[in-house]
Amino acid sequence: MRLIFVIALLLCGRIADAYPQFQLSQGVDRCTACHFSPAGGGLLNDYGRNEAGETISRGGDGRFLHGVWEPPTWLRLGVDLRGAAAAKAQAGARDVIVFPMQADAYVRAGGEAFSVNLTLGVRGGARDPQPPFVERLASREHYVMYERPSGTYVRAGRFFPVFGIRSQDHTAFVRRYLGFHTLEEPYGVAGGMFGKTHETHVSVFIARPAEVLGSGVKAKGVAVYHERRLMDDTAAVGAQARFAVSPDDSRLAIGVIGKRWFPDAKILLLGELDLQRQAFAADAGPTRYQLAAYGGASTFVARGWQVGAAVHRWLPDLRQRSARDAFEVNVQYFPRAHFELHALTRVTGAGDFEEPSLLALLQLHYYL
Amino acid sequence: MKPGWYAVVGWLVLIAGGCLPAEDPPAPRWHYLHAAIIQPNCATSGCHSALTALAGVNLADAEGAYVILTGHLCGQPPHPQDPPRNYVTPGSAEYSELVYQLRGVDSTGRSYRNVMPRDTRLPESEISLIESWIDAGAACD
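Protein chains in written order, with numbering that gives the first Met the number 0: chain A, 0 to 367; chain B, 0 to 140.
Worth flagging that the hints you see were computed from the coordinates, not collected in a lab. One thing to keep in mind: the hints can contain errors.
[What the hints assert, rightly or not] Distance condition first, Cα-Cα at most 25 Å in a straight line; then the derived DMTMM-like pairs of lysine to aspartate or glutamate: (1) 195(A) / 327(A); (2) 217(A) / 140(B); (3) 219(A) / 62(B); (4) 265(A) / 28(A); (5) 217(A) / 111(A); (6) 265(A) / 327(A); (7) 195(A) / 231(A); (8) 217(A) / 134(A); (9) 195(A) / 111(A); (10) 265(A) / 79(A); (11) 265(A) / 53(A); (12) 265(A) / 232(A); (13) 217(A) / 60(B); (14) 217(A) / 134(B); (15) 219(A) / 96(B).
Model the full structure from these sequences, guided by the hints.
Structure, rendered in structure tokens:
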């Protein structure tokens, strides 16, 4: 039974980020076309909600509350609810679980220039015994932002720096091992600009001020991301760097990303490769050089149906030649605006894959 | 730089990652093991972070994790009232539950159900480092 709860908690933190697969393939060139956040994810803007009904799904009204009530223009609201069933096999053990995954509410108050943004939700609810409700409340993001019509912005508060492909899957190795796992959002100040063919973001961050606010390494540092779109917005390449210092180590990650949309084949390729140097405080051990990589392909086989496959690779120490790899296949069905059904199958293994772990996950996602 | 060059550079890095000369594992120290292996793999949000501390196990900081795993205070000499054995039996990886959890088998070769991490096994090189540290006395250095 304990195993079931642990697996549930591992999966509970899955958050409602953007789908990077939609960029380029759906006629939008940046995350902010559909989301308020410069990094994507979270609350959808009016265009994003419209797209959810008109393009992504098989119909329906994507507006808040299905259009029954329209909040005033200075207020934007949203809710994400996810539940899942998972079957998992590892080292001879097999388990099937059904559990709540996410319950987040979003509030954005303000005008086109200045806004206050808050995400408030309930974290991992599958633990036994259940902690008091108040202790399970968590706010992954809360920040104030100033933006201009030209595309420049500055924001301050809690959020992930713009970095990487920004997969919605927090277990993707390029997220999990590079400081972008669940509730690892730091506090900081960020600024950036969106041009016609490029975007640039710079984030300076510090560790969360209290342990109860999140998880992960408590580090301070800086992250830089630059992306350039090419070939009539059917391709994008990006370069990025992140330097983080904690009391125990320092990590310098340098990476590249690439996206390519093939309109005729209707296939999107998405890749990220990062090299990280981890140096330890007080000469605790030798410096490690690490590699995290992601490669994926996705396609809409019919309106409302997205199919994809991805490869993840993580080498925690290049000189030890010891790797962790994962292969996955995804099917996402968007029957109507506000609804998503996501089936994921993933095989993960270390080294020679002698004892791989298998995961089959069926997720139901509903948003208001 | 043209897009093709990014791909070329990327593949060169990948190839280089597999071609670096293998080195013998370094002499493991606890603070190295914690920052390199324990923290990123175990102290995540849904598991043994300070926030969640599943099963009462908080592995977020090196000193606290050392106490939980060994039963001894970091930097203190063994005390008669220390628990006789916890997840780690200093000097014997073979009789340390932590190794059973990481390898999925106990000292008799039988399957060990409480495997960690839950999502997939650690790479062999990292398990070996932890075993070396335990066999060397599991010091809090």
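Comparing the hints with the structure gives:
At roughly 34 Å between alpha-carbon atoms, residue 195(A) and residue 327(A) are farther apart than 25 Å, so this suggested pair is violated. For a cut-off of 25 Å, the pair hint linking residue 217(A) to residue 140(B) stands: about 21 Å separates their Cα positions. Using a Cα cut-off of 25 Å, the hinted pair residue 219(A) and residue 62(B) holds, with the two alpha carbons roughly 21 Å apart. Proposed proximity of residue 265(A) and residue 28(A) is supported: the alpha carbons are some 16 Å apart, at most 25 Å.
The suggested pairing of residue 217(A) with residue 111(A) is violated, with an alpha-carbon distance near 33 Å, which exceeds 25 Å. Between residue 265(A) and residue 327(A) the CA atoms are separated by roughly 20 Å; this keeps the pair inside 25 Å, and the hint holds. Between residue 195(A) and residue 231(A) the alpha-carbon distance is near 11 Å, which keeps this suggested pair within the 25 Å criterion. Annotation: proposed proximity of residue 217(A) to residue 134(A) holds, straight-line Cα distance about 20 Å (limit 25 Å).
Between the alpha carbons of residue 195(A) and residue 111(A) the distance comes to roughly 19 Å, so the proposed pair stays at or under 25 Å and holds. Taking the CA atoms of residue 265(A) and residue 79(A), the gap is about 29 Å. The hint is violated against a cut of 25 Å. A distance of roughly 18 Å separates the Cα atoms of residue 265(A) and residue 53(A); the hinted pair therefore holds under the 25 Å criterion. Distance restraint check for residue 265(A) and residue 232(A): the Cα-Cα separation of roughly 14 Å lies within the 25 Å cut-off, and the hinted pair is therefore satisfied.
Among the hinted pairs, residue 217(A) with residue 60(B) is consistent with the structure: their alpha-carbon atoms are about 10 Å apart, no more than 25 Å. Among the hinted pairs, residue 217(A) with residue 134(B) is inconsistent with the structure: their alpha-carbon atoms are about 30 Å apart, more than 25 Å. Between residue 219(A) and residue 96(B) the CA atoms are separated by roughly 35 Å; this puts the pair beyond 25 Å, and the hint is violated.
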